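J.: Sequence:
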Amino acid sequence: MEAQYDPKKVEDKIYRLWEESGFFNPDNLPDLKDGQKRTKPYCIIMPPPNANEALHLGHALMATLEDILIRYRRLRGDIALWLPGADHAGFETQVVFERKLEKQGKSRFQFDRETLYKMIWDYVEENKNVAQDQLKRLGASCDWSRSKFTLDPDIVKIVYQTFKKLYDDGLVYRGPRIINWCPKHQTGLSDLEVKYKDREDKLWYIKYPLVGELDKFIEVATTRPETMLGDSAVAVNPEDERYKNLVGKKVLLPLMNREITIVADEAVELKFGTGAVKVTPAHDATDFDIGQRHSLETISVIGQDDKMTAAAGADYAGLKVAEARKKIVEDLQSQGFLIKEEPYRHSVGVCYKCGRVIEPMVSEQWFVKIKPLAERAIEAVNKGEVKFISAKYEKIFQHWMGNIRDWNISRQIVWGIRIPVWYCIDKNCPSENYKKIKDNPALFKDKEDDCFGTVHHGEEGEPSVEHIIRRLNEGLTINESLKPFISVSGSLSNKPTCPDCNSNNVFQEKDTFDTWFSSGQWPFATLQTTKAGDFAKFYPTAVMETGWDILFFWVARMIMMGFYAAGKEPFKQVYLHGLIRDKDKQKMSKSKGNTVNPLAVVDENGADALRMALVFNAASDSDLPFSEDKVIAQKRFANKIWNAARFSISNLEDFDPQGFEPKFTAADEEILKELDATAKKITKDLDNFDFHEAAQSAYHFFWHSFCDKCIEDVKKRIKEPASEEDKKTAQFVLNKILLESLKLLHPFMPFITEEIYQQIPRHTKKALMVEEWPMG
RNA sequence: GCGCGCGUAGCUCAGCUGGUCAGAGCGUCUCGCUUACACCGAGAAGGCCCCUGGUUCGAGUCCAGGCGCGCGCACCA
Numbered sequence: 054m055e056a057q058y059d060p061k062k063v064e065d066k067i068y069r070l071w072e073e074s075g076f077f078n079p080d081n082l083p084d085l086k087d088g089q090k091r092t093k094p095y096c097i098i099m100p101p102p103n104a105n106e107a108l109h110l111g112h113a114l115m116a117t118l119e120d121i122l123i124r125y126r127r128l129r130g131d132i133a134l135w136l137p138g139a140d141h142a143g144f145e146t147q148v149v150f151e152r153k154l155e156k157q158g159k160s161r162f163q164f165d166r167e168t169l170y171k172m173i174w175d176y177v178e179e180n181k182n183v184a185q186d187q188l189k190r191l192g193a194s195c196d197w198s199r200s201k202f203t204l205d206p207d208i209v210k211i212v213y214q215t216f217k218k219l220y221d222d223g224l225v226y227r228g229p230r231i232i233n234w235c236p237k238h239q240t241g242l243s244d245l246e247v248k249y250k251d252r253e254d255k256l257w258y259i260k261y262p263l264v265g266e267l268d269k270f271i272e273v274a275t276t277r278p279e280t281m282l283g284d285s286a287v288a289v290n291p292e293d294e295r296y297k298n299l300v301g302k303k304v305l306l307p308l309m310n311r312e313i314t315i316v317a318d319e320a321v322e323l324k325f326g327t328g329a330v331k332v333t334p335a336h337d338a339t340d341f342d343i344g345q346r347h348s349l350e351t352i353s354v355i356g357q358d359d360k361m362t363a364a365a366g367a368d369y370a371g372l373k374v375a376e377a378r379k380k381i382v383e384d385l386q387s388q389g390f391l392i393k394e395e396p397y398r399h400s401v402g403v404c405y406k407c408g409r410v411i412e413p414m415v416s417e418q419w420f421v422k423i424k425p426l427a428e429r430a431i432e433a434v435n436k437g438e439v440k441f442i443s444a445k446y447e448k449i450f451q452h453w454m455g456n457i458r459d460w461n462i463s464r465q466i467v468w469g470i471r472i473p474v475w476y477c478i479d480k481n482c483p484s485e486n487y488k489k490i491k492d493n494p495a496l497f498k499d500k501e502d503d504c505f506g507t508v509h510h511g512e513e514g515e516p517s518v519e520h521i522i523r524r525l526n527e528g529l530t531i532n533e534s535l536k537p538f539i540s541v542s543g544s545l546s547n548k549p550t551c552p553d554c555n556s557n558n559v560f561q562e563k564d565t566f567d568t569w570f571s572s573g574q575w576p577f578a579t580l581q582t583t584k585a586g587d588f589a590k591f592y593p594t595a596v597m598e599t600g601w602d603i604l605f606f607w608v609a610r611m612i613m614m615g616f617y618a619a620g621k622e623p624f625k626q627v628y629l630h631g632l633i634r635d636k637d638k639q640k641m642s643k644s645k646g647n648t649v650n651p652l653a654v655v656d657e658n659g660a661d662a663l664r665m666a667l668v669f670n671a672a673s674d675s676d677l678p679f680s681e682d683k684v685i686a687q688k689r690f691a692n693k694i695w696n697a698a699r700f701s702i703s704n705l706e707d708f709d710p711q712g713f714e715p716k717f718t719a720a721d722e723e724i725l726k727e728l729d730a731t732a733k734k735i736t737k738d739l740d741n742f743d744f745h746e747a748a749q750s751a752y753h754f755f756w757h758s759f760c761d762k763c764i765e766d767v768k769k770r771i772k773e774p775a776s777e778e779d780k781k782t783a784q785f786v787l788n789k790i791l792l793e794s795l796k797l798l799h800p801f802m803p804f805i806t807e808e809i810y811q812q813i814p815r816h817t818k819k820a821l822m823v824e825e826w827p828m829g
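Count the first sequence with the working numbering and you get residues 54 to 829, in order.
Hint data in this document are derived by calculation from the structure and do not stem from the laboratory. Honestly, I wouldn't trust all of these hints.
Claimed, not checked - Below, simulated EDC-like cross-link-like pairs (lysine to aspartate or glutamate); rule was C-alpha separation at most 20 angstroms, straight line:
id : residue 1 : residue 2
1  : Lys488    : Glu533
2  : Lys789    : Asp707
3  : Lys217    : Asp205
4  : Lys818    : Asp709
5  : Lys260    : Glu294
6  : Lys491    : Glu515
7  : Lys422    : Glu432
8  : Lys61     : Asp740
9  : Lys716    : Glu727
10 : Lys156    : Glu145
11 : Lys625    : Asp131
12 : Lys373    : Asp254
13 : Lys393    : Glu383
14 : Lys440    : Asp738
15 : Lys780    : Glu722
16 : Lys563    : Glu145
17 : Lys250    : Glu412
18 : Lys621    : Glu438
19 : Lys548    : Asp479
20 : Lys819    : Glu294
21 : Lys181    : Asp205
22 : Lys772    : Asp709
23 : Lys393    : Asp254
24 : Lys86     : Asp131
25 : Lys255    : Glu395
26 : Lys393    : Glu253
27 : Lys189    : Glu72
28 : Lys422    : Asp459
29 : Lys379    : Asp359
This structure is a prediction, so every number in the text was calculated from the model and none was measured.
Go ahead and model the full structure; you've got the sequences and the hints to work with.
T.: Structure (structure tokens):
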């Protein structure tokens with residue numbers, strides 16, 4: 054053995070040894086001592102990294118913590134399965150790809166659906182193995198033979214089945230509802246995908262004249278004057294004495310000269326602005342709700358292209374929102390309706406990816422009726438069926454669950470799982486879908502340039518079904534509510550037939566699922582599609598370990614979907630780790646340039662050092678600052694282990710414990726006792742997810758007890774033995790402590806401990822990774 | 001607005017159900033190249049555990065209030 058530990062010479066070799074042993078696959082794990090069988094399944098489903106991205110430090114932390122748990126459980130004799138995967142990460146990936154296109158001066162909208170999908174598929178395929186290789190370099194002991202990709206056909210099928218079940222149970226619906234629209238990405242987003250940013254804005258005070266008393270006005274305040282074109286009421290608080298006598302009266306909407314009513318609604322704050330609100334159900338979430346309560350008309354004046362629609366009136370139609378705002382303020386001013394404007398600071402919703410201001414608008418989307426699912430999840434946590442390791446996150450979870458709103462699961466993007474909904478547009482179908490759309494002017498957009506010649510008109514001067522389908526495939530959006538049907542097995546190449554009329558004149562919903570709708574099903578979808586028997590054996594899984602930042606996005610959805618679709622909780626425990634920050638506690642981000650490539654750290658210091666550094670200071674709940682010092686400290690520790698082992702092994706060559714009865718000294722008794730206590734503590738700490746406590750105990754015992762005291766003591770007794778028996782006893786102790794320490798350290802630092810184990814004379818197992826854990 | 005959390009050595013943080021809890025790692029200083037390791041060893045300095053009250057025989061540890069900081073959720077136009 055060399056005087057310095059060189060991870061480069063060890064890590065690849067050891068990982069190969071593990072892979073060749075087959076022990077990553079729980080089916081191949083050896084029996085325990087005395088031929089005892091392993092009985093207890095222990096499963097962790099890995100949060101699948103995005104297929105197109107290299108790992109960052111957060112992934113390294115995830116991999117380290119989960120590998121520690123898995124290796125620990127494997128050593129304890131469980132049937133340990135760590136199931137890896139890769140995530141197509143719908144919107145995330147499409148955004149990354151769009152940026153790539155933008156750099157090349159292109160836009161996603163230049164490509165048709167199939168081409169774009171294929172391009173992203175190829176892009177992802179190119180990078181798909183990167184993350185996997187990197188996880189291996191970190192020492193991840195997952196069962197690669199069970200690895201799944203979120204777009205695997207068998208996974209997609211399960212996602213479809215769940216969707217159908219939700220639909221059949223009335224828990225999923227399509228409807229015009231107010232959604233968060235990102236004008237840049239041209240898709241709706243869920244509430245979670247909207248971030249809020251403070252912004253300096255203006256508040257405009259406008260007067261709306263009362264009908265019949267045109268010299269009287271009601272004053273409203275708004276930050277978005279352009280939406281007034283779509284107003285369908287003015288609302289006041291029912292308790293507001295100032296306006297009580299006005300409720301039910303009509304006002305004349307300036308610029309539009311449309312009569313709208315004054316309604317009373319609880320949602321209006323007495324204190325804010327003038328206490329009277331203009332109500333635009335089509336472009337504001339609160340207003341939408343007010344509109345529902347008072348059966349108000351929904352007038353969409355802003356289109357998905359971020360321009361004013363025809364409903365905004367001839368003066369404004371076609372203007373961009375910002376232009377329209379400017380013109381409207383001017384017009385209000387010149388016509389005497391503008392009272393004043395004042396600076397105003399408030400928070401506005403922005404797209405969490407691009408930061409563009411979200412345009413709330415009414416749109417036909419698919420929603421999950423979430424309350425019933427949420428109630429079961431809340432109950433599960435209350436009853437302890439799912440246990441949060443940290444009380445803090447349990448509170449946050451319950452708070453969110455209790456206030457949850459219906460979940461928009463459709464996205465107007467192509468990268469993802471296409472919603473398995475079909476519409477029959479056969480002329481004779483009882484659904485009458487054809488009738489509902491045949492007069493849609495957008496169908497005839499191409500009439501003028503006549504690119505379809507006569508094809509788009511059938512015999513009676515009506516559009517042919519083929520033409521409609523072609524226009525739809527080109528990206529035409531239909532806003533009519535059509536009658537859908539769901540087909541779990543249908544596909545574009547194998548179109549399903551309409552259940553009402555058996556026709557083949559059907560087209561598929563263009564939207565794809567929110568990625569989290571499918572990843573919410575990941576625990577059971579994976580286990581139902583790996584090996585027969587896996588689901589029965591491993592579900593519910595033991596623990597979900599992931600970052601707190603996806604508590605709502607993912608963990609919450611998995612709990613809800615798990616109960617709903619698989620009948621049981623997806624995992625018994627939830628452990629959420631903190632976010633890695635840089636040494637100044639700043640969030641790591643590419644734009645700040647403070648990211649750390651974990652693989653570069655591994656190259657420099659070894660995987661064990663990185664792992665140990667990540668875990669050593671990691672208090673469970675909070676974010677953790679990362680610095681290279683910490684890694685270097687652990688690199689030194691690795692070297693310490695290496696040298697202690699080097700000393701031990703060179704002094705154990707002539708030692709055979711077989712049949713030897715040691716006669717311990719007081720010092721021997723003490724270190725053995727301490728070993729026991731340390732093993733007990735580490736066991737308890739790992740059972741409680743106190744990784745840092747466990748790591749520090751192992752570190753401290755090895756360095757300051759074993760090295761500083763025990764080895765120094767034993768050294769003398771071996772070099773200058775008082776008696777042959779005492780020398781052998783010293784060797785016995787040395788051998789024992791080294792071996793047990795290696796086991797205790799193995800979950801944290803698997804490479805170096807395995808390498809040393811392999812070099813120990815007469816090691817008994819094929820690998821340290823399947824040794825038996827010292828319980829203390 | 002509602003909710004969550006944090007303030008302990010220069011830095012990053014541990015201190016679980018109150019009584020060797022005043023700790024660790026890094027950093028700093030002194031002394032040692034001793035035959036496993038200088039990526040080492042021996043030793044040292046450093047803290048009214050944010051403030052103020054309270055509960056208790058006893059409080060970083062529990063309670064209340066205050067100050068400072070961070071975060072999550074949210075339909076104040």
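J.: Now look at each hint and say whether the structure bears it out.
T.: Checked hints:
1. Note on Lys488 and Glu533: the hinted pairing holds, with a Cα-Cα distance of about 11 angstroms set against a maximum of 20 angstroms.
2. At roughly 15 angstroms between alpha-carbon atoms, Lys789 and Asp707 fall within 20 angstroms of each other, so this suggested pair holds.
3. Straight-line distance between C-alpha atoms of Lys217 and Asp205 comes to about 19 angstroms, which keeps the hinted pair within the 20 angstroms bound.
4. In summary, the hint linking Lys818 to Asp709 is supported, as the alpha carbons are separated by about 16 angstroms, within the 20 angstroms threshold.
5. Proximity of Lys260 to Glu294 is assessed by CA-CA distance (about 19 angstroms); at most 20 angstroms being required, the pair is judged to hold.
6. Proposed proximity of Lys491 and Glu515 is supported: the alpha carbons are some 7 angstroms apart, at most 20 angstroms.
7. Simply put, Lys422 and Glu432 have alpha-carbon atoms about 17 angstroms apart, close enough for the 20 angstroms limit, and the pair holds.
8. Of the pairs offered as hints, the one joining Lys61 and Asp740 is violated, with about 32 angstroms between alpha carbons and a cut-off of 20 angstroms exceeded.
9. Simply put, Lys716 and Glu727 have alpha-carbon atoms about 18 angstroms apart, close enough for the 20 angstroms limit, and the pair holds.
10. Between Lys156 and Glu145 the alpha-carbon distance is near 17 angstroms, which keeps this suggested pair within the 20 angstroms criterion.
11. Restraint check: the Cα-Cα separation between Lys625 and Asp131 comes to about 16 angstroms, which is no more than 20 angstroms; the hinted pair holds.
12. With a CA separation close to 18 angstroms, the supplied pair Lys373 and Asp254 stays within the 20 angstroms bound.
13. Of the pairs offered as hints, the one joining Lys393 and Glu383 holds, with about 12 angstroms between alpha carbons and a cut-off of 20 angstroms not exceeded.
14. Of the pairs offered as hints, the one joining Lys440 and Asp738 holds, with about 17 angstroms between alpha carbons and a cut-off of 20 angstroms not exceeded.
15. Between Lys780 and Glu722 the CA atoms are separated by roughly 15 angstroms; this keeps the pair inside 20 angstroms, and the hint holds.
16. A hinted pair counts as satisfied when its Cα atoms are at most 20 angstroms apart, and Lys563 with Glu145 qualifies at roughly 19 angstroms.
17. For the suggested pair Lys250 and Glu412, the alpha carbons sit about 14 angstroms apart, so the restraint of at most 20 angstroms is met.
18. Taking the CA atoms of Lys621 and Glu438, the gap is about 9 angstroms. The hint holds against a cut of 20 angstroms.
19. About 14 angstroms separates the Cα atoms of Lys548 and Asp479, which keeps this hinted pair within 20 angstroms; it holds.
20. A hinted pair counts as satisfied when its Cα atoms are at most 20 angstroms apart, and Lys819 with Glu294 does not qualify at roughly 84 angstroms.
21. Among the hinted pairs, Lys181 with Asp205 is consistent with the structure: their alpha-carbon atoms are about 13 angstroms apart, no more than 20 angstroms.
22. Using a Cα cut-off of 20 angstroms, the hinted pair Lys772 and Asp709 holds, with the two alpha carbons roughly 17 angstroms apart.
23. As the CA atoms of Lys393 and Asp254 are separated by approximately 14 angstroms, the hinted pair is consistent with the 20 angstroms bound.
24. Only pairs whose Cα atoms come within 20 angstroms are accepted, and Lys86 paired with Asp131 is accepted, the gap being roughly 13 angstroms.
25. With a C-alpha separation of about 6 angstroms, the suggested pairing of Lys255 with Glu395 holds against the 20 angstroms cut-off.
26. Among the hinted pairs, Lys393 with Glu253 is consistent with the structure: their alpha-carbon atoms are about 17 angstroms apart, no more than 20 angstroms.
27. A hinted pair counts as satisfied when its Cα atoms are at most 20 angstroms apart, and Lys189 with Glu72 qualifies at roughly 10 angstroms.
28. With a C-alpha separation of about 5 angstroms, the suggested pair Lys422 and Asp459 falls inside the 20 angstroms cut-off, and the hint holds.
29. Note on Lys379 and Asp359: the hinted pairing holds, with a Cα-Cα distance of about 15 angstroms set against a maximum of 20 angstroms.
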